[in-house]
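Student: Residue strings, one per chain:
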Amino acid sequence: MSPDVQIKGIREGLLVSVGSGDWLEAEQSLLTELGRQKDFLKGARLILDVDEHEINAASMGRLRDQMSEHGLSLWGVLSRSPLTERSAQAMGLATQIHHAEPEPEEVVDEEPAEGSVEANALLVRKTLRSGYNLSHSGHVSVIGDVNPGAQIIAGGNVVVWGRLRGLVHAGAAGDEGAVVCAMDLAPTQLRIAGHIAIPPTERGEPRPEIAFVKDGEVVAEEWNVGGQVPAIEG
Amino acid sequence: MLAARCRRLKAEMGRVITITSGKGGVGKTTATANISAALAALGHKVVCIDADIGLRNLDVVLGLENRIVYDVVDVVEGRCKLRQAMIRDKRLEELYLLPAAQTRDKTAISPKDMKRVCEELAKDFDFVVIDSPAGIERGFNNAIAPADEIIIITNPEVSAVRDADRIIGIVEAEQKGPAKLVVNRINNELVNRGDMLAVADVLELLAVELIGIVPEDQAVLVSTNRGAPIALEAKSKTGQAFRDIARRLTGEQVPFTSGNGSGGFMGRLSKLIRTGGEKS
Chain W
1 MSPDVQIKGI REGLLVSVGS GDWLEAEQSL LTELGRQKDF LKGARLILDV
51 DEHEINAASM GRLRDQMSEH GLSLWGVLSR SPLTERSAQA MGLATQIHHA
101 EPEPEEVVDE EPAEGSVEAN ALLVRKTLRS GYNLSHSGHV SVIGDVNPGA
151 QIIAGGNVVV WGRLRGLVHA GAAGDEGAVV CAMDLAPTQL RIAGHIAIPP
201 TERGEPRPEI AFVKDGEVVA EEWNVGGQVP AIEG
Chain S
235 MLAARCRRLK AEMGRVITIT SGKGGVGKTT ATANISAALA ALGHKVVCID
285 ADIGLRNLDV VLGLENRIVY DVVDVVEGRC KLRQAMIRDK RLEELYLLPA
335 AQTRDKTAIS PKDMKRVCEE LAKDFDFVVI DSPAGIERGF NNAIAPADEI
385 IIITNPEVSA VRDADRIIGI VEAEQKGPAK LVVNRINNEL VNRGDMLAVA
435 DVLELLAVEL IGIVPEDQAV LVSTNRGAPI ALEAKSKTGQ AFRDIARRLT
485 GEQVPFTSGN GSGGFMGRLS KLIRTGGEKS
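Taken in order, these protein sequences are the chains called W and S.
Reminder that position 73 of the first sequence reads as 73 in this note's numbering, one-by-one numbering, no gaps.
Reminder that position 96 of the second sequence reads as 330 in this note's numbering, one-by-one numbering, no gaps.
Just so you know, the hints here were simulated from the structure itself, not pulled from any lab data.
From the three backbone atoms N, C-alpha and C, an ideal C-beta is built for every residue, glycine too.
A portion of the hints provided could be inaccurate.
[Stated by the list, open to error] Pulled a few chain W residues facing chain S out of the computed Cβ check, cut under 7 Å:
{"no.": "1", "residue": "A57"}
{"no.": "2", "residue": "A58"}
{"no.": "3", "residue": "G61"}
{"no.": "4", "residue": "D65"}
{"no.": "5", "residue": "E69"}
{"no.": "6", "residue": "G71"}
{"no.": "7", "residue": "R129"}
{"no.": "8", "residue": "G131"}
{"no.": "9", "residue": "Y132"}
{"no.": "10", "residue": "S135"}
{"no.": "11", "residue": "N147"}
{"no.": "12", "residue": "G149"}
[To be verified] The calculated lysine-lysine pairs, modelled on PhoX-like cross-linking and capped at a C-alpha distance of 20 Å, are:
{"no.": "13", "chain 1": "W", "residue 1": "K126", "chain 2": "S", "residue 2": "K414"}
{"no.": "14", "chain 1": "W", "residue 1": "K126", "chain 2": "S", "residue 2": "K410"}
{"no.": "15", "chain 1": "S", "residue 1": "K315", "chain 2": "S", "residue 2": "K349"}
{"no.": "16", "chain 1": "S", "residue 1": "K410", "chain 2": "S", "residue 2": "K349"}
{"no.": "17", "chain 1": "S", "residue 1": "K279", "chain 2": "S", "residue 2": "K346"}
{"no.": "18", "chain 1": "S", "residue 1": "K315", "chain 2": "S", "residue 2": "K346"}
Construct all of the structure, not just a fragment, from the sequences and the given hints.
Tutor: Dropping the structure here:
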C-alpha cells in the first residue's frame, strides 16, 4: 500500500485520504492505489479527503472519469480549499460528512467565535443552475440567479442578489432567526429552521423581499429601501 | 497524406461541437443531422459522430443505415482504421458519418477514447459534430469530453428547459462553456395564445447565447423517416432555420426573422407569461 494513500471505513462509506505535496503526483499515487484495490473498493461509497489540494472543476471531472474507468464511483470530496469544495459542489458531490465536522448543537447568540456561523460566510458570484447543491454551515450570499432545480442549504442567512427560484433552506441547523432575502423572491420551496413554506405561484411584478419566521410562520415582506428592517424574533 | 497532415498546424484544427440536451426526445439527432448537412452544403468538410452507443439513430436520420460496416467501437477497439468506419453521405461530397455500435453499450468506449478519435478527425475535417445521448451519465460524458463547443437543444417546455439548465451548469463546471442554445419545435400559434413558453421566456432563465429557433413542423418527421435532412430542402422554412444555424456557427451575422417561426419574439420580451404561472 502506498504510504500516502490511506483508506479507512467510516459510517458514510470509505474515506480515502490523499497525501500532501504536488497534486499531480498525489493524484497519480491515488489512482495507482485505487486501481490496485478496485475489487475491494467496487460498489462502495468513496469519499475523498484531499485536504489542502486545490482542484479545479475540470481536473475533478477527469479524476471522476478515471475512477469510473476502474468501476469506482466518487460520492464526496472533503477539502479545506474553498476552490476544491466549489468544484465538488458543482459536480453534485457531497462536501460534508456529519461526524467529520460536527454541527454546533445550538447557535449561541454571543460574540462570533472562530468557525461559528457569523465568522463563516460564503460568497458565490455565479448563477446556480438546476442540479447545483450548495450546502454551507454559515451564511450564503449569491450574486446571480438561483434557478429552479438548484438548492441552497445554509446554517445562517441566505441573500440572493438576483432571482431566487430554486429551493432554499436558511437556519438549517435550527436557527429560527435566519432570514432569506432576494431581489425576486420566488423559490420553489422556502425553509427556515423547521418551517416550510411554498410561495404562491401567482405573483405580481418582481420586487426585493425578505422572508423570516414570525409567530411560528414564514412570512415575506417587501424590502423597503431606506425604511426599517422588519423586526425579527430571535 | 502524411505531408498534408503535417502542414496543418494546431490553429487549423477543425472544431469539435457536441449537440446535447439532457432530456430525451427534444431533437438532438435531427439537429445533428441537419446542422451537419447544412455545414457541408456551405462547403465545409464535416463528420458527424453518433455517440449514442446501443441506441443508434443518426445513421437512420441521414439515410445511411444500410452502408454501415464498421462503427466507432470497432475503431476504438482496433478492429478497423478510422477511415474504414466512416461513411460518405450519398448527397453531399463533404459529409461523413461515424456510426455508433448497436450491439454494445456506453461503457464500450471511454471519454479518453472519444478524445483520441476526435483529435484524429479534427486534423482532416473543418467540423466534427457529435450527437450526444440523453442523460448525464457515461454516454454524455463521452460526448462532451472532446468538445470545443457545446450546443444545447431544448423545447419550449418547462421540463426540457430545466434539464437544459442543468446541462449548462455541468458544461460550465467542465470549463467547456459558454454553451449555445437552439430552441426547437416552437409553435407560434400556441405561443401567441400564451399556451407555450416563448423563446424569450426560455432565454430569460437560461441566459446563454441563442443560435437558432426551429419551428414545429410535421415535414421534419417525414424527412427523418425518409432519411433525407430537411436542411437540404431549399423551400422549407424549417430547413432555412437549420441553414441559418450553420451560418451563425461559421461566424456570419444572420438576423432572426419572423419568417423562421420566431414571430418577432424580441418585441414580446417583457410582456408574456412567466415560467411560474399566468401573467399578472
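Student: Confirm or reject each hint.
Tutor: Cross-check of the supplied hints:
no. : hint               : verdict
1   : A57                : holds, 4 Å
2   : A58                : holds, 5 Å
3   : G61                : holds, 5 Å
4   : D65                : holds, 5 Å
5   : E69                : holds, 6 Å
6   : G71                : violated, 9 Å
7   : R129               : holds, 3 Å
8   : G131               : holds, 4 Å
9   : Y132               : holds, 6 Å
10  : S135               : violated, 16 Å
11  : N147               : holds, 5 Å
12  : G149               : holds, 5 Å
13  : W:K126 with S:K414 : holds, 18 Å
14  : W:K126 with S:K410 : holds, 16 Å
15  : S:K315 with S:K349 : holds, 16 Å
16  : S:K410 with S:K349 : holds, 14 Å
17  : S:K279 with S:K346 : violated, 24 Å
18  : S:K315 with S:K346 : holds, 17 Å
The structure fails hints 6, 10 and 17 (numbered hints given earlier, in ascending order).
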